[in-house]
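With numbering that gives the first Met the number 0, you'll find the sequence shown wraps up at 279, consecutive numbering, no jumps.
Hints in this document: simulated from the structure, not taken from any laboratory. Keep in mind it's a predicted model, so treat the numbers as computed, not measured. Each hint should be verified, as a subset may be incorrect.
[Claimed, not checked] EDC-like, lysine to aspartate or glutamate: derived pairs with alpha carbons at most 20 Å apart:
| id | residue 1 | residue 2 |
| --- | --- | --- |
| 1 | K77 | D233 |
| 2 | K128 | D233 |
| 3 | K128 | E90 |
| 4 | K134 | E206 |
| 5 | K134 | D122 |
| 6 | K89 | E152 |
| 7 | K134 | D267 |
| 8 | K77 | D237 |
| 9 | K77 | E90 |
| 10 | K134 | E274 |
| 11 | K77 | D231 |
| 12 | K117 | E142 |
| 13 | K72 | D131 |
| 14 | K72 | E152 |
| 15 | K72 | D267 |
| 16 | K117 | D131 |
| 17 | K87 | E244 |
| 18 | K72 | D233 |
| 19 | K87 | E152 |
| 20 | K205 | D231 |
| 21 | K134 | E152 |
| 22 | K236 | D267 |
| 23 | K205 | E146 |
| 24 | K87 | D122 |
| 25 | K72 | E162 |
| 26 | K205 | E274 |
| 27 | K205 | D233 |
| 28 | K99 | D122 |
| 29 | K87 | E274 |
| 30 | K117 | E146 |
| 31 | K89 | D122 |
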Amino acid sequence: MVRFESLSQMGFLKLLLSARDVETGNIQLVIAGKRITPEALEAAKEIGIRFIKLPASTVLQEARDKPGVAALKLTSPKSWQVISSLLKIKEASIRQLSIKSGVSYGWTHATIRSLASKGIVSDAGGYIKIADINKLLNGIAWERPFERLFSQEIRISAHSPLELAHEISSVCNDQQLPCAFTSFTAGEIYTGYSARHDTAYLYLEKESIARLAEMFDLPAAGGIAARVYTPDRDVFKDRRILSAEGVWLVSPAQALLDCAGQGYSGRDITQKLVEIYGQL
């Protein structure tokens, strides 16, 4: 439906062309639609805009903005897929990076432009690489603070966070509840670097938290804290279980994103993950 307000931009364009002394005699402004209100049709005639009526069967789609440098979030699922792929292969052209990450060329290009505008990547002969890892990590912590996803803490009787993670993974398997350990827990297991000894960190759908808690003895005091986070994306599709520990972990890319999202407190484990990321 073409309404009166739909003509405002085209009318403004015509005034702008006239104001700039552009010869408008050979320019015909046209607006198309299936229907037009009487008021809009009259206004179109007054300002010299032609209306073309489209067949009722015409399928119209709303215009969708392409990702821009200013609007693009580096921690969005697709952008992070591009960035984590670059961290893994170290250096690549945009086309190679698009193929490796499985993200469209347009989105990959927009992501790299955004990174370049922030001084995070450099371009040498068409090959992109991370130039300032600290800027990237700081940007992640600012844009997607991991604790913003925090849902609930449950204290459970266990001797260590790793033992608790193993027990929770086993219970979730039995109850068919998808879970995935992340942040410091995943970072420690992936790197072998000891960061935190008092807490286990995991993703669990919010509706599954009560069911999980019912399966354990919850001490009045003491125990090990299980900090539960609600996922803001599909963190379970790429999860993996390491046979030695028997613990469900998020993917290395997700673990790196979440550890970086801990900011300064997670900087050591994040740096360790970055160092070995290409091997994971």
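Hints, verified against the model:
1. Restraint check for K77 and D233: satisfied, since their Cα atoms lie roughly 12 Å apart, inside the 20 Å limit.
2. For the suggested pair K128 and D233, the alpha carbons sit about 27 Å apart, so the restraint of at most 20 Å is broken.
3. For the suggested pair K128 and E90, the alpha carbons sit about 5 Å apart, so the restraint of at most 20 Å is met.
4. Between K134 and E206 the alpha-carbon distance is near 36 Å, which puts this suggested pair outside the 20 Å criterion.
5. For the hint pairing K134 with D122, the CA-to-CA distance comes to about 16 Å; that is within 20 Å, so the pair holds.
6. The straight-line distance between the Cα atoms of K89 and E152 is roughly 37 Å, outside the 20 Å bound, and the hint therefore fails.
7. Restraint check for K134 and D267: the C-alpha separation of about 15 Å stays at or below 20 Å, so the hint holds.
8. Between the alpha carbons of K77 and D237 the distance comes to roughly 14 Å, so the proposed pair stays at or under 20 Å and holds.
9. About 18 Å separates the Cα atoms of K77 and E90, which keeps this hinted pair within 20 Å; it holds.
10. Between K134 and E274, the direct Cα distance comes to roughly 16 Å. Compliance with the 20 Å bound is thereby established for this hinted pair.
11. Distance check on the hinted pair: K77 and D231 sit about 13 Å apart at the alpha-carbon level, within 20 Å; holds.
12. Between K117 and E142, the direct Cα distance comes to roughly 13 Å. Compliance with the 20 Å bound is thereby established for this hinted pair.
13. A hinted pair counts as satisfied when its Cα atoms are at most 20 Å apart, and K72 with D131 qualifies at roughly 18 Å.
14. Straight-line distance between C-alpha atoms of K72 and E152 comes to about 29 Å, which puts the hinted pair past the 20 Å bound.
15. Under the criterion of a C-alpha separation no larger than 20 Å, the hint pairing K72 with D267 is inconsistent with the structure, at around 24 Å.
16. For the proposed pair K117 and D131, the alpha carbon gap of about 10 Å is at most 20 Å, so the pair holds.
17. Taking the CA atoms of K87 and E244, the gap is near 24 Å; set against the 20 Å cutoff, the hint is violated.
18. At most 20 Å may separate the alpha-carbon atoms for a hinted pair to count; K72 and D233 meet this at roughly 17 Å.
19. For the hint linking K87 to E152, the alpha-carbon distance of about 33 Å lies beyond 20 Å, and the restraint is violated.
20. A C-alpha spacing of about 11 Å is found between K205 and D231, which places the hinted pair at or below 20 Å, so the restraint holds.
21. At roughly 31 Å between alpha-carbon atoms, K134 and E152 are farther apart than 20 Å, so this suggested pair is violated.
22. Taking the CA atoms of K236 and D267, the gap is about 27 Å. The hint is violated against a cut of 20 Å.
23. Our distance criterion of 20 Å between C-alpha atoms is met by K205 and E146, whose separation comes to about 15 Å.
24. Of the pairs offered as hints, the one joining K87 and D122 holds, with about 17 Å between alpha carbons and a cut-off of 20 Å not exceeded.
25. Between K72 and E162, the direct Cα distance comes to roughly 36 Å. Violation of the 20 Å bound is thereby established for this hinted pair.
26. Straight-line distance between C-alpha atoms of K205 and E274 comes to about 33 Å, which puts the hinted pair past the 20 Å bound.
27. Distance check on the hinted pair: K205 and D233 sit about 14 Å apart at the alpha-carbon level, within 20 Å; holds.
28. Between the alpha carbons of K99 and D122 the distance comes to roughly 18 Å, so the proposed pair stays at or under 20 Å and holds.
29. Distance restraint check for K87 and E274: the Cα-Cα separation of roughly 10 Å lies within the 20 Å cut-off, and the hinted pair is therefore satisfied.
30. Of the pairs offered as hints, the one joining K117 and E146 is violated, with about 24 Å between alpha carbons and a cut-off of 20 Å exceeded.
31. Proximity of K89 to D122 is assessed by CA-CA distance (about 12 Å); at most 20 Å being required, the pair is judged to hold.
When the structure is compared with the earlier hints, violations turn up for hints 2, 4, 6, 14, 15, 17, 19, 21, 22, 25, 26 and 30 and for no others.
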